Structures are given as C-alpha cells and as structure tokens.
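Dock chain one against chain two, each of which comes alone in its own frame, and use the hints as you go.
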Amino acid sequence: MEITVGAFVAAGLAALFVLAMQVSNITAFQRADGYNVYAYFQNVGGLRERAPVNLGGVQIGRVEAITLDAARFEARVTLNIDRQFNDLPSDTAASIRTSGLLGEQYVSLEPGGMPDSLAEGDEITLTRSALVLEDIVGQFLYNQSAGGED
Amino acid sequence: MTAVLQRMGASTLAVLATLGRATLFFLRVLLGVGEMLRRPGLLLREIYSVGVLTLVIILVSGLFVGMVLGLQGYYTLVDFGAEQSLGVLVALSLTRELGPVVTALLFAGRAGSALTAEIGLMKATEQLSGMEMMAVDPERRICAPRLFAALISLPLLAMIFTLLGIIGAYLVGTAMLGIDGGSFWSQMQAQVSFVDDVLNGLIKSVLFGLAAGWIAVFNGYDCLPTSHGVSRATTRTVVVTSLVVLGLDFVLTALMFD
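Sequence order for the protein chains is R and B.
When you line the first sequence up against this note's numbering, it's residues 1 to 150, in that order.
When you line the second sequence up against this note's numbering, it's residues 1 to 258, in that order.
Keep in mind that the hints were calculated from the coordinates and are not lab data.
It is possible that some hints are incorrect.
Example chain B residues on the side facing chain R (calculated, C-beta under 7 Å, incomplete) [to be verified]:
| no. | residue |
| --- | --- |
| 1 | Ile47 |
| 2 | Tyr48 |
| 3 | Leu163 |
| 4 | Val198 |
Every value quoted in this text rests on a predicted model; they were computed, and no experiment measured them.
Don't be surprised by glycine CBs; every beta carbon is placed ideally from N, CA and C.
This is chain B alone, in the form it adopts within the complex (with noise of 0.2 Å):
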C-alpha cells in the first residue's frame, strides 16, 4: 500500500517536473527570440524542413478531407432539401475546427516527431555538449528557430488546408453531386464571417502551431540520451501534441463562440 502511495506520489512530481522543466524551457527559448533574429537564414531553413516540407500531406488531405465532407454533408443535407447550404456547412467545419486541428494533427506527425528525433539525436550524439562546450547555447542556436518555425508554419499550412478543403468540396459537390455553384458560393460568403470564423480559426493555429512546436522541441530537448530515450521522447511528442491540440481546441472553441 504504502509503496503504491509512493509510486504514485514519484510520478507525479515527475510530471510536475516536467512542466517545470517545459515553462522554463520556453522561457529561456523567447530570450533567444533576439539573436535567432540576427540571423534569419537558420530559421528559414527550419520553415524549409518544418512547413515546406509538411506541405504535400497538407495538401493532399486538405483535399481528401473536403471531397469526403462535401459527400457526407450533402446525404445529410439533401433529406431536409438545403442542398444547396452545403458550401457553408463545408466552410464553416473547415475555417472553425478541422482546418486548424487536422493540420495541427497531422503536423504533430510529420514535422513534430522529426524535431523530436532530430534534437534528441543531437543530444544523444553529444553534439549539444559540443556547442556548449563552444559557448554556443544551444537552446538559442537549435530549440528557438525550430520553435519559432513551428508557429510560423502551422497557421499557414492551416490556411492552405482550409483552402484546399473548400475547393474539394466545390469540384465534388457541382462535379459529382450537382450542386449549383454560385450558390455554394454564395451561401457560403453569407454565413461565414471572416472575424467569427477565419480569423478565430486563424488564432487557433497560430495557439497550436506554438504547443506543437514547443512540445516537440522541448521533449527532444529533454529526452534520454539513449535510442531508446529518443524513440520513446518521439512517441511522447505525437502523443502529447495531439492530447493537447484536442483539449486545448475545446477550450478555445467554448471561449471563441457562444
């Protein structure tokens, strides 16, 4: 008993820790907002590896995502006659939740576990005891510009998406379905409000964008410095970035529409 009472009480000062550990992480990352600014070429190349790279899988399902929704929405909406509003049922889903939470998702998959291995592999190889060793802080010279890609890529790879959800829908609902065009359109730009859902969508990316990248960087960061540390720092990271992108999306859509 006592020994469960131990155990339980270890780990959660280990998660405790941890937090800690994350907050003042991030903290020492945004003092190195300055200098990574002095030298823009690094976190291009991390916008490069990060967004550019992350761009065809956005791509590719933003599409898939629209055609799909286009088709489920309007079996749905064709049983109450209103067809016709499958562009703002379309708009609405994509600009308010899936664009900013699929593309954050499937982020987390593709370029969150990469700077996870990618850091924690830099650790492994005692090559941030090197830099260190150099006078180069490495949370400045590597987490900072991976961070700060991060952020700036979600939101907009979370654009393009959305994007590219709306077109999907269009070519499947006036291509395959028979849905008038101009009133997809038309319906859609007057239901959708560019404050209450693309800019609100917006911020959440840009929220996700900095929990992925924060998550990411810091859980490579912080690994073991063992193969199995960093195989296991880069499960953690998918996993806690989708746990807190579903969570922190629900938070932010009970604060964003009533």
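Pulled out of the complex, with its shape left as it was, chain R reads as follows (with noise of 0.2 Å):
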C-alpha cells in the first residue's frame, strides 16, 4: 500500500512536472540572462506583455512591460532581447506587426548599419506603430469618395 500511495503521489508530481515543462512555456521564466532596451510607438495596438521581439522571424526575445510616458504621450514599450543577441546596431528598427490576419501582434525588429550596438537601457529611436485596422478602412474609404467626386 505505500508503494502504491508513493507511486501515485509521483505520478501527480510527474504530470505537474511534464504539465510545467512541455504544457506550458516555463522558459518564460529564465529571463534573467536579458538586457533590456526601450521603444516609444505612438499606438501599440493590441500588442501585450510577454509578446515575442523577432529579428528575421526568429524569436530573440520578449515585451517586458508597456506603459505610458505622460511627458511624450506615447507607449513606452520595454524589450527584453536574449543576452546572446547583444550585437544589435543601435540604429535597428522595431515595428508592431501582426502574426497572420487575425494572430497575435509581435514587436518586429529590423537590423540597421551601425557599427556601436545597442546595450542595456538604450532607446531605439526608429518605430513604425501598429496598424490599426480602423484607420486604414478609414482611409481607403476617405480616399475612395474623394476619389468619386471629381
């Protein structure tokens, strides 16, 4: 009977183990080794915290934290990139793009050629917002009657 009781108290334990490990990204949680950098966008969409950073669509990294800046009025979004990427040139690009039509969104970062890389606490200057589906339809149909009344 102890047997059988120790059996089935590590099996629970082995599917909590295997739940924790192969279920779930546990990963998540050895973020320690990161640096982290900063980027303002004036519209983060629906982007959200812990979604990934991708360079070339390969995944470096994660959103750590979005706030507001209430002196720039704009989302202060604070990547987290992985300690084996920290050769970035400090002129990279990060854009707000989204997986598929209906995915999740991602910041999308795009190398530039500066020699001196970015480091812990820099900012990247160049940002490309997401795109809000509203104001594109807003647009094109702002442009389509524009375009009918002449």
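Below, the structure is given as structure tokens:
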C-alpha cells in the first residue's frame, strides 16, 4: 500500500512536471540573462506584455512591459532581448506586426548599419506603430469618396 | 401564514446552525494536524482509499474528455482555418477549468460519498462514541486524516486528469484528424503560461480538495445515526460538493483570470 501511494504521489507530481515543462512555456521564467531596451510607439494596438520580439522571424526576446510615457504621450515598450544577441546595431528599427490576419501582435526588429550596438537601457528611435485596421479602412473609404467626386 | 414564516425561519436557522457546526468542526480538525503528522500511517491509508482508488476513473475520464474536446474543438476551429491551435484550446480549457472542476465532481461522486458513508456508518454503529469512551478523539483519529487525504489527493488527480486529457486530444488530433503534432505542442507552449494557467489550475484544485474533503467528512460526522440519515448525508455530500465546487470555480475564475 505504501508503494502504491508513493507511486500515486509520484505520478501526480510527474504530471505537474510535464505540464510545466511540456505544456506551458516555463522557459519564460529564465529571462534573467537578457538586457532591456526601450522603444516608443504612438500606438501599440493590441500588443501585450510577454509578446515575442522577432528579428528575421526568429524570436530573440519578449515584451517586458508596456507603459504610457506621460510627457511624450506615447507608449513606452520595454523589450527584453536575449543576452546572446548583444550585437544589434544601435539604429535597429522596431515595428509592431501581426502574425497572420487575426494572429497575435509582436515586435519585429530590422537591423540597421551602425557599428556600435544596443546596450541595456538604450532607446530604439526608429519605430513604426501598429497598423490599426479601422484607420486603414477609414483612410481607404475617405480616398475612395474623394476620388469619386472628381 | 405564520406557520409558513415559522417554517422558513426554522429552516434558515437550521442552515446557519449547520454552517456554524461545520466551521467549528473544521477548526477542531485543524487542531488535530499535529497528532496526524505523528502517525503518518493513518494519512497514508486514507490517501490510498481516497486517491489511489479514484485513479482509474480519473484516468479513463481524463482521456475521454480530452478526446472529445479535441474532436469538438477541431470541428469548430477548422471553419476558421485555425485547426493548428487545437493544442492551445485543449490545454487552456483543461488546465484552467475542466481539469480541476471535472476531477472535483468525479472525486465527490467516487471518494466523497464513500467518506461520508464510512464515517456515517461508524456513527450509526456507535464506533465513534466507543472511541470517545476510550479517550480517542474521533475528530483527530478519523476525520483529520480523511480531510487531508482529500486535500492532497485532489490536486494530484487533477494534474493527472489534465495531462491525460491533453494526451487524448493529441492522439485524436494527430492520428484521426491529421493535425501536425509539432505545431500542436509548439503553439500550446507558446500560449499556455505556467503561472497563469497551470499554477492557477493547481490552486483551484487544492481549494476544491479542501472543500470536497471538508463537506464529505463533516456530512458523515454530522449525519443522523440511522440508515436513512446515512443515506441522506451521502446524497447531500455529492450535491453540496458539486454546487460548492461550481460556485467556487466561478469566484476563483473571476479572481484569477482578468
């Protein structure tokens, strides 16, 4: 009986372990070895904290925090980038993209050509905000109606 | 009219009195923890009868719940071309809700009813009074190990249920429906968070275990010492546990996931 109870408890703990390692992204815990850079966006759209930061389609970090800069009235996005990618050019550009038509939003980085690299606490100055679908549709309709009157 | 009001008042007072007895009972059982830890064999035996013997129903229903979830989720997701997200759908529903809740409901039916019937029958056959005569506190000797066995077993069972459900959905998804196994797991890992989903599900199941154990043991201890009383207490255990688990689940979900 002791053995079966022990096996039962072990099975339960093993299930929790598998759920932690295989089902959930517990690796997100191990983000201590990264550095933070900041990017200001006029509009972050539906970007969430912990969204991926990609370069060339490969994930190199995560969105650490999104706050509003009260002085600039812009969203201040903290990007936590993996320590192994510590050689990004300082004029790297950041833009908010959507994976697929309805997928989640992520930050895409495009490397520039400057020789010096981004370090902890730096700001990414070249940014492109999220595309807001309503704005695009509104602009399209406006252009259409303006063109129709000619 | 007065008679109706009187009856309503009497039943309200009876409910309040039961609640008060249940709370006092719980506190007295908590005081028995130290004594229970000195005799871990008692706890071990109860974990066996409450947890290990419930394992079969949990394994089988977990597998089938996951398979059904995989099948139904697939038919809904395929309309949107999002059938690769089946893993996310199944894992989130199981870790957050179905794992803890369905396990607690099955647990109430399989183990809770047995606990109530056992303790109730002990009371009806005056074994509990006999223990008191021998200066053995039945609340500590009988009730505490059973309550804590439920508290320990339910989270373990819920984790096993959740894992089996995900495996069931994976089997159905890859073998029957032709979903790519790689994207099943990778999308799941990208979307399921350990703290928000797995850990919150675990906290839920711990609280459900506490509720299920408390209700089952108290109903047995508090029942009328007749065959009719034992049968009513057993029924009440299953009904009350199910309602409390579902109500508690709503409150916890509202607190945990915003």
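Right, here's what the structure says about each hint:
1. Taken as an interface hint, Ile47 of chain B checks out: its beta carbon lies about 5 Å from the nearest beta carbon of chain R, inside 7 Å.
2. Residue-level restraint check for Tyr48 of chain B holds (minimum Cβ-Cβ distance to chain R is 5 Å; threshold 7 Å).
3. Look at Leu163 of chain B: its Cβ gets to within about 4 Å of chain R, closer than 7 Å, so that hint holds up.
4. About 5 Å separates the beta-carbon of Val198 of chain B from the nearest beta-carbon of chain R, less than 7 Å, and the hint is met.
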